[in-house]
Amino acid sequence: GAVVSQHPSRVICKSGTSVKIECRSLDFQATTMFWYRQFPKQSLMLMATSNEGSKATYEQGVEKDKFLINHASLTLSTLTVTSAHPEDSSFYICSAQWAGSYEQYFGPGTRLTVT
Amino acid sequence: GENVEQHPSTLSVQEGDSAVIKCTYSDSASNYFPWYKQELGKRPQLIIDIRSNVGEKKDQRIAVTLNKTAKHFSLHITETQPEDSAVYFCAASKRGGTGGGNKLTFGTGTQLKVEL
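Line by line, the protein sequences are chains A and B.
For the first sequence, this note's numbering assigns the number 1 to the initial residue and increments by one for each residue that follows.
For the second sequence, this note's numbering assigns the number 1 to the initial residue and increments by one for each residue that follows.
Don't take each hint at face value.
Unchecked claim - DSS-like cross-link-like pairs, simulated, lysine-lysine; straight-line CA separation at most 27 Å:
1) A:Lys66 with B:Lys68
2) A:Lys66 with A:Lys41
3) B:Lys22 with B:Lys57
4) A:Lys20 with B:Lys71
5) B:Lys94 with B:Lys42
6) B:Lys113 with A:Lys41
7) B:Lys42 with B:Lys57
8) A:Lys64 with A:Lys20
9) A:Lys66 with A:Lys55
10) A:Lys14 with A:Lys41
11) B:Lys113 with B:Lys57
12) A:Lys55 with B:Lys68
13) B:Lys71 with B:Lys22
14) A:Lys41 with A:Lys64
15) B:Lys42 with A:Lys41
16) B:Lys94 with A:Lys20
17) B:Lys71 with A:Lys41
18) B:Lys58 with B:Lys68
19) A:Lys64 with A:Lys14
20) B:Lys94 with B:Lys113
21) B:Lys22 with B:Lys37
22) A:Lys14 with B:Lys37
23) A:Lys64 with B:Lys22
24) A:Lys41 with B:Lys22
25) B:Lys37 with B:Lys94
26) B:Lys58 with B:Lys37
27) A:Lys66 with A:Lys20
28) B:Lys68 with B:Lys42
29) B:Lys37 with B:Lys68
These are calculated hints, taken from the structure and not from any lab test.
All values derive from a computational prediction rather than experimental measurement.
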């Protein structure tokens with residue numbers, strides 16, 4: 001149980017375009033979803049926290065107009081990278097959590113390359 | 001906010017030896033401390049976790065200890081095997097309050113290499 005999927009697993013886009021990444025909890029209702037970014041050989045850095053039906057809470061230094069997060073249902077959250085630039089190239093990982101749980105369940109990640 | 005420091009950044013051990021990774025945290029209100037193993041290009045996998053009401057937890061070859069007074073916690077892996085080679089991350093969070101989930105603050109990671 002507690003399976004989280006992400007789509008796509010890899011995406012290459014041109015500079016200036018937008019890319020949408022989906023995160024789904026397959027067998028539980030995720031009241032909270034988190035989005036992380038991980039650069040090579042670095043740790044996971046939290047970008048934002050989203051609660052179903054509410055606006056996302058962004059961490060300091062993360063541009064909310066560039067990284068649009070939607071958590072419209074208890075099983076789906078999306079991250080849209082708008083006007084992507086090469087420096088946005090990274091590994092994006094989501095995690096999901098149900099109400100009252102300590103543990104977060106991670107998706108497999110999305111490798112974004114902006115050319 | 002919470003700050004988690006992790007040491008060492010790299011650790012090389014011989015197969016069968018023990019490995020210890022240490023983390024410290026800054027927020028005394030943190031009450032949940034998971035450890036993750038991440039292989040290259042894969043998702044972090046929870047290997048063990050501990051809550052602040054417990055001082056030690058063990059699961060086969062893996063154990064975690066927590067010292068709330070000193071605000072540090074450690075991962076111990078015994079009888080290491082080559083398949084234990086990976087990057088290990090500690091994390092800390094505060095669980096409690098109403099709604100909102102509990103965000104994790106990660107340590108900087110330890111590259112563990114188990115040599116034959």
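Original post:
Quick one, are B:Lys58 and B:Lys68 close enough, alpha carbons at most 27 Å?
Top reply: Satisfied, since the Cα-Cα distance of roughly 18 Å is no more than 27 Å.
Original post:
When you check the alpha-carbon spacing of A:Lys66 and B:Lys68, does it fall within 27 Å?
Top reply: Violated - the C-alpha atoms of B:Lys68 and A:Lys66 are around 39 Å apart, more than 27 Å.
Original post:
Holds or violated: are the alpha carbons of B:Lys22 and B:Lys37 at most 27 Å from each other?
Top reply: Holds, because 14 Å separates the two Cα atoms, which is no more than 27 Å.
Original post:
Has the given pair, B:Lys94 with B:Lys42, been kept, meaning a C-alpha gap of at most 27 Å?
Top reply: 26 Å, holds
**OP:** Below or equal to 27 Å on CA atoms is what counts here, so check B:Lys42 against A:Lys41.
**Re:** 13 Å, holds
Original post:
For the pair supplied as a hint, A:Lys20 and B:Lys71, is the alpha-carbon distance within the 27 Å limit?
Top reply: 39 Å, violated
Original post:
B:Lys94 and A:Lys20: Cα distance at most 27 Å?
Top reply: 30 Å, violated
Original post:
Going straight from one Cα to the other, do A:Lys55 and B:Lys68 come out at no more than 27 Å?
Top reply: 34 Å, violated
Original post:
If you draw a straight line from the CA of A:Lys41 to the CA of A:Lys64, is it 27 Å or shorter?
Top reply: OK: A:Lys41 and A:Lys64 at ~25 Å, within 27 Å.
Subject >> Distance restraint between A:Lys66 and A:Lys55, which requires alpha-carbon spacing of 27 Å or less >> reply: Status holds; Cα separation ~15 Å.
**OP:** Take a quick look at whether A:Lys41 and B:Lys22 sit within 27 Å of each other, Cα to Cα.
**Re:** 19 Å, holds
Subject >> Satisfaction of hint between A:Lys20 and A:Lys66, Cα-Cα up to 27 Å >> reply: 12 Å, holds
Figure legend: structure checked against the earlier numbered hints; hints not met, in rising order: 1, 4, 12, 16, 20, 22, 23, 28.
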